[in-house]
Amino acid sequence: MNRRLSALVLALAGLAVGVGATAGEAAMRGVPNPQQARVDYILKCQGCHRIDGSGDDRSNPPMNGVVARFLAVPGGREFLARVPGVSTVNLDDTRLANLVNWTLYRFDPEHVPADFRPYTPAEIGQLRRHPLRLERAATRARLVAGFSQD
Amino acid sequence: MGTLDKLTERLSRGVARRTSRRSTLAWLGAAITGAAAFPVLPVARAASGSPHGGGDGGTHTPYATGNPQDPGDRKSCDYWRYCAIDGFLCTCCGGSVSTCPPGTEMSPITWIGTCTNPADNRAYIISYNDCCGTSSCGQCMCNRNEGDRPQVRPQSNNDYNWCLGTQSSVYNCSTAVIVGVALEQPK
Chain A
1286 MNRRLSALVL ALAGLAVGVG ATAGEAAMRG VPNPQQARVD YILKCQGCHR
1336 IDGSGDDRSN PPMNGVVARF LAVPGGREFL ARVPGVSTVN LDDTRLANLV
1386 NWTLYRFDPE HVPADFRPYT PAEIGQLRRH PLRLERAATR ARLVAGFSQD
Chain B
4 MGTLDKLTER LSRGVARRTS RRSTLAWLGA AITGAAAFPV LPVARAASGS
54 PHGGGDGGTH TPYATGNPQD PGDRKSCDYW RYCAIDGFLC TCCGGSVSTC
104 PPGTEMSPIT WIGTCTNPAD NRAYIISYND CCGTSSCGQC MCNRNEGDRP
154 QVRPQSNNDY NWCLGTQSSV YNCSTAVIVG VALEQPK
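Chains as they are written, first to last, in my numbering: chain A, 1286 to 1435; chain B, 4 to 190.
Hints in this document: simulated from the structure, not taken from any laboratory.
All residues carry an ideal CB built from backbone N, CA and C; glycine is no exception.
Mixed in with the good hints there might be a few duds.
Said to hold, decoys possible - Among the chain B residues that face chain A by a calculated CB cut under 8 Å, a handful are:
1. P111
2. I112
3. T113
4. W114
5. I115
6. I128
7. Q158
8. L167
9. G168
10. V182
11. G183
12. A185
13. L186
Excised from the complex, chain B in its bound form (with noise of 0.2 Å):
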């Protein structure tokens, strides 16, 4: 017994020689710090499987059409044409890529934008079409916002409802229709 007392004592009277309480204070502050920060790293979100925010961690079946030209899972965030979007997407929804769930209208007046087909690297013209008159679906988040410019530039803007021109404003999901190829100059 009083070898362990003589063994807590040395070991103890060691630590308070060696080291300083606010030095032990500082690394401990770091360290929490330091943990805390690690989840907004790209490595963590990439590693997360959603880096958009958002979506159902991975549990959807995967919808792709196996068409080489136009390749990728509409249903996940990553697929090419949903480069622009901001919403959920229609084809988790009960509708698809270019048309609206049953019970919806889809919105005549879209956010345009432009997205990079990685099948053959053109940019083609992609219209968002909003689907609208039930409420919001709440199924595959997809915020990725290329091209996006700030509330102060309504017509390039997607965080407003774009649910304009149907008879009810209330916004269900996005759709994504290429409605032409862009030519080859900037912007």
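Excised from the complex, chain A in its bound form (with noise of 0.2 Å):
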């Protein structure tokens, strides 16, 4: 009885952890498959964005409760899909989507907006053709003086 009832405890466990993560995997908008973001992020963005995206304001700017910001002001959407370490990574369309799309969850997702539209492979395909250089900090410093004050 005892062993039953610790077997069924286990089960339930395991049920309300499957489907926790099926939860948070299934907010994510346009994030068919948030494993491989995670990796990719690793693999093409940790190196100077730092695990926990808070990077630094010199170099690798913050990304840790900022980045689903830039959705909220005019210019702000195609900036992020523009930013050199986007627009000129070697991931495929459908990849970098994925990506981008995980990296507002996964580090502002209190900032992404109710009726936020997930960048499609089509639309970052189609952005990342003109990506910024030089004027990259210019431009960001331009869109976050445009930021809301709340």
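Two chains, two separate frames, one set of hints: put the complex together.
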């Protein structure tokens, strides 16, 4: 009896974990493959933006708690897909769209708008053809100045 | 004496009759070039014991953990985790494969690559954190560069000094830390 009860508890706990994981991944719209996104982040981004997306304010801008705020200002959505690290990375459009959408949910879930339209591979492919270069920092500063103060 | 003179004369005349000076020069030139090219052939490099340009000629004491899942000598450039490294091995400099020598600071900004572990043939994601703050260690230089890209792709190039985000940008040595397992997909 006791053993059966503990087995039941274990099964329930497993179910809860499974449901939780599924819910977390389902909440990431436009991220068909979160595991792929996590590995791609480690391979292509983490070296400079760091494991928690904190970066620094000199060469690798922070993403933690700020990256999704760009979606709320005009030109911000395009900016995120045109920054050098995104537009010139050696990933195809599908994997890149998966990675960019994942990055928004992973590092700044509270600022992702309720009506957020996930980047599609086609949109990413079109935007990355015009990468930002030296004007990257100035463009970012201009967009950040447009953030609302709340 | 006369016999010796005769013999020498006959030999010299024989050589002069059978060969031309130009063919001798050509033969000599080919031999010299061939001898000079031999040390750069793969066989000679394999025999020399330090295939990746540097090392200490095998005079160090090998350092292995004995863990069958992580085989190899961590002080040798051939150790599997060093497949994309370019620098001095911290294991030879007072640190380890994942820690910096005393008195140096580990850079939080790193060059990241993947290496295949011969024990299970899986690709692991390796972070080559540089140790910074004191001058170059100078021991166990290792330059393998698998997956290295030209400098026009700075985020994928390991010739840059990756001592970024540290107090000092002076490079000492490099570690090779496992940060994940890569997926079974190309690139």
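### Query
Which of the listed hints are not met by the structure?
none
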